[in-house]
Each structure stands twice: as C-alpha cells, then as structure tokens.
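There are 2 protein chains.
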Amino acid sequence: MHIPKSSDVAKSYERIKPFIHHTPVFKSTDLNNKVGTNVWLKCENFQKVGAFKFRGACNAVLPLISKLANNGVATHSSGNHGQAIAKAAQIKGIPAYIVMPENAPRIKIEAVKNYGAEIVFCEPTQLAREKTLEKVIQQTKAYFVHPYNDPNVVLGQSSAAWEFLHEIPELELIITPIGGGGLLSGSILAAEAFHALNNLPLCKVTAAEPEQANDAYRSMQSGSIQSLTDKQIMSPTIADGLRTTIGNIPFHIMRRTHTEIICVSEESIVKAMRYIWERFNMIIEASCAVPIAALLENKITPTFKNIGVIITGGNVDLDHLPWNSPQ
Amino acid sequence: MHIPKSSDVAKSYERIKPFIHHTPVFKSTDLNNKVGTNVWLKCENFQKVGAFKFRGACNAVLPLISKLANNGVATHSSGNHGQAIAKAAQIKGIPAYIVMPENAPRIKIEAVKNYGAEIVFCEPTQLAREKTLEKVIQQTKAYFVHPYNDPNVVLGQSSAAWEFLHEIPELELIITPIGGGGLLSGSILAAEAFHALNNLPLCKVTAAEPEQANDAYRSMQSGSIQSLTDKQIMSPTIADGLRTTIGNIPFHIMRRTHTEIICVSEESIVKAMRYIWERFNMIIEASCAVPIAALLENKITPTFKNIGVIITGGNVDLDHLPWNSPQ
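Chains as they are written, first to last, in the working numbering: chain A, 743 to 1069; chain B, 743 to 1069.
Bound-form chain A, shown alone (with noise of 0.2 angstroms):
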C-alpha cells in the first residue's frame, strides 16, 4: 500500500492546476448567523464535470506513461468520478470505460458519453461493479483508477483545500463529506503541507456522513473498515454518493490524525440542502449538504472561529428532488 505524503501536495497542484478551475468561496451573513461563526463554502459543484472528482481524475491520468496508458483508463462509478476519468481520458486523447449502475442519475449518464467515453452497466450493487469492471479490464487491458483509494486521486483531491487555504488563510477547521474518503484524507494531507510551509496553525480536517450510512464512523471506532449495515443498504441514505465503503488508502491517514466522524439525520441533509439552494441560488448534491447539516445541527464545537466546508458537487436530477417527492 502507497500512501500519499503530504509533501506531494503542491507537486500534485502544480501539475493539474492548468486543467482545473480555481473554484470561487462563498460566504453568507445568513449562514454565518445560524452557525454562529464564519463559515466559507468552497465550491467545487463550480469544478469541470460539475464535481472535486475531477482532481483526482487529473492527477490519476494525466501523468500516466504511454505504456500504461494506450489501452485507456476504467472505472466504476455512480456518476462524478465517472464524469471525472472521462472528461481526463478525453483531455488525454485516450479510450475510457465507464462502470455505471443501471440506476445512476439521467444527468450523469448523458455527461459521460458527451465525453465520449464507453458506458458498461451493471446492477448497483459494489459487487456487481467490481465483477463487472473486472470483466472490461480483462477485455480491454484498460488502466484502471479507482475513485478513492489511489494515491494520484487523494492527491488530486487534496487540491481543493489547497487552493481553500490559500485564500482563506485563517480556517481552523475544514469538514468534508465522507464516502470513500479521497477527498477528506487529501484535504488532510493538504492542510499538513499548509501547516509546514506557513507559520500558521495546522488546520483541523473533520468529515461529516449520514447516520444512515455511518461505516466511517464505525470504521473509526472499532479500527477496521467496516460496510454498511444490511438494513442500511436495505433503506439507502439520500446523500448517494456516500454509500461506498472507506479505502485503506484513506483509512490509513484518517487512523494516523484520529479523524473525527460526526454523523446526521436524513432529514437535516434535505433540510440542509435545500437551505443551500434557497440561500446562496446554487445546485448542490444531497451529499454535499451533509457537512453543512452539522454544522446547522450545531453538531461542531463551537469554538471555531473560521470553518470551511468544501461543497463537493452539484450534479442533481432535476426531475426527482427531495422535496417534491414523498420522503
């Protein structure tokens, strides 16, 4: 197992950055009001394919050698990573194989082939991705990059809170939703490295995921990784794209800094997400509202002074809202 240093990060930055958006941060009295301290929104539902995914994917592909590289990259995703290797292999000029499950959103299966790449569908299940994206790897000899527990991509993801610290210098604490956990273990690489370059003090990194998909928090107590429960696979959280199970990869950098897992209710997510909308006029996914869930759940110490939320995507069927649909 490879793990990612935090002294790869800017390395990482500087490679991908001509690719990427610098996406905007946001602010609003409203919110500052209600949580009751600053808080700064990093809008990565403004990245390319709409989603962070699309750093690691740079950073996973773009750097491969022809050797590696000629028979295309592959993947299984329920959408923005999908999205994110796709759009890389097309920035790349190279073939990409899209493991999708039948249900995934409308919205994200039209992305992925408007980037030109080949979709397999599958059942959605983890097993059934996995077998089927073993099947497209033997047939194509395809490079295969996984959404999370891939060095490139942590490190591609740790971009966000690389760009967010840098603007917003005086953040104590950033929190993240977590799935897989890429992108909360590359924000905590990213803050160690801004810790080691400025004489500032070391950000505090916290991830934030749905009672009803609670394996992180598990996984955290009892210090293996755990599933989700049957009864949670049975009754699926709304926050979608944090159904998956944590990489050792994460697991390792979250288990090293004693990551905290605060954990909230469906229905302060559609709450929170819907707040999002309302209040600051923009798209974002059910699992981006977890973190802000917490925080309008006052589930934060509150001696935060500046917090950052990295808000992960946007890419939403339009056609099936929490809102408008029975709970």
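Everything labelled a hint here was simulated from the structure, so no lab data went into it.
Keep in mind that a hint or two might mislead.
Because identical chains share one entry, a pair is satisfied inside a single copy or across any pair of copies.
Derived lysine to aspartate or glutamate pairs resembling EDC-like cross-links, with alpha carbons at most 20 angstroms apart [what the hints assert, rightly or not]:
(1) K1047 with D982
(2) K1013 with D1061
(3) K834 with D772
(4) K1013 with E852
(5) K759 with E1008
(6) K1013 with D1059
(7) K855 with E865
(8) K776 with E1039
(9) K834 with D1059
(10) K1013 with D982
With chain A's structure known, arrange chain B on it following the hints.
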C-alpha cells in the same frame, strides 16, 4: 428628466464597491459549443440578496442626505428590488417600506421581512402597486426609490457590466434581459464608459425579452413606451421579472443607442433555464434565462467572438419549478 451619464459610471462603482459582491464570471465548453462562440456569464444570482438589483438600490439609498433619508425609503417590487432596498436601508440604518403584490414568491417575501423592512401587500397589477405606494408615502413621508426609472438606480446597475468588461475586456456584445430597462440602460452606459477609458472597440449591448411580454420590442419599433397587451396580462410570461413597463429614463438611453430587442418563446425560456441549472449547477430565475434562450435559439448574429450575458438573479420558489408543474 435627469438622464444619467456614462461619465458617472466609475464614480458610482467606487461608491457601492465596499457593499456589493464582486460576482464571478463563469463559462462552459458545452455552452460555447452549442452557441458556436465564447459565452461568459456574469453571475449576479450570487450578488447580495440574490440579484443585481442590490447594486442599484445601494447607489440610490446609501448617498441619501439625512433630510431625505430620515423617514426611510419606500418602493414597490415583485421581489428582488424590494429585497435590495430593504437590505440597503438596513445597511444605512433607516426604515424601509416595501409594497409587494400578494402573489409574490414566498421566498422573496420572507427575505424582505428578514432584512427588517415593513411589507404592504397589494393586488398584482401595476396600478395597484402605484396606488398603494402613494398611500404608504403619504403616511410615512418615506423617500421613494423607483425600481428602474431613477438615475442613481441606473448608474448602480451599470456596475455589473463595468466589472464584467474589466474582467473580460474582449467582450463584443453584452446581452441583458429587459423589464423596466434599468440593467440594460446601465450596461449601455458602462460599455460607453469602458470604451472612453480604454483603447478598445465599443461593446454592443442588446436586450432579450419574452415574446409574451414584448413591450420593449414594440416600444422601440413605435418610438414611444408601450405597455403589455391585455392578452399578455391575462397570460403572463413565466419570466415574472420582465412583466414591467420600460421607464422613460432607460428608454431615452435605449433610443439614443438604437438598442436591439430580441424576443424569445416561453418554451425556449424554460429550456434555457433548465439548461443553466443542469450545466452550471446554479439557480437562475426564468427572467435571466431569456438571453440564454436567445443564444440557444441562434437569434444572435454569429459574428461575435465573445458574448457576455448578465445572469440577473436566482431567487426562485423551489416548490414551483416550471418543469414540475403543467405549462
């Protein structure tokens, strides 16, 4: 009639600059490909109060001398201008009285209340608005800030195009929606001011409006200000911000510069609105989708290499989205 001058654009901007957001400019490869040219969006939906109207309100309210300001300010508005005046008055520390049609979107009513203004409801007609406002002003002696037919409001609105041109100096055309004409005429002044200051060709400014509220088009054709037809009042456009009649100050500037008005269908407005939501992950009102509709329907001369669109606002009632209710 006091007509604002392009030589006052820079001064107005410096006055309101500390109070407004410098909003981001977005673009997307997909939109560029669809239109066949570079399209830049100036995102005033991320302005304070969620709309460009805050610029005009600041420039009208903040410099008021005590004698005029002491009794507060008053206006009528279906929403965004009301919020803007309420917030500007809050900053200045004076009362605000906002006359609103009783069918105004809930979210706009709530926002006006949150800024501490007093709301007076009226029937949803231009006449009822004006009569009710008259009464309010008689009772309170408040200073009336017209939503668009006010030199300082027009100059305040000019700051959006002013920032836009400084960020993208290669813009050859700016398209705005037209309701009362404040943003359009302000943008014309900004383009003239920028042209006077820099050795660059004059950026053209064009307006787009719904066919179903084509009063600006008919006004320019006939040379005198026209109202909506009875049919257009009975079957109102979805672009609720554009149902107003042009003010004579904006009309004077439009006539002087022979402003072109492009008309688009209701169907194309809804399509363009949804397109921006899905591709840019941002919430825009139907009114701001009107210039995008003109672009997507290829109603713009294809010789422009760099086109700017001012995205005017993002205050939408999420319970009543046009693609979730029968058209």
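Hint check results:
no.	hint	in the structure
1	K1047 with D982	neither (31 angstroms within a copy, 40 angstroms between copies)
2	K1013 with D1061	both (18 angstroms within a copy, 14 angstroms between copies)
3	K834 with D772	between (43 angstroms within a copy, 18 angstroms between copies)
4	K1013 with E852	between (28 angstroms within a copy, 17 angstroms between copies)
5	K759 with E1008	neither (36 angstroms within a copy, 40 angstroms between copies)
6	K1013 with D1059	both (17 angstroms within a copy, 15 angstroms between copies)
7	K855 with E865	within (19 angstroms within a copy, 49 angstroms between copies)
8	K776 with E1039	within (10 angstroms within a copy, 43 angstroms between copies)
9	K834 with D1059	neither (29 angstroms within a copy, 42 angstroms between copies)
10	K1013 with D982	within (16 angstroms within a copy, 27 angstroms between copies)
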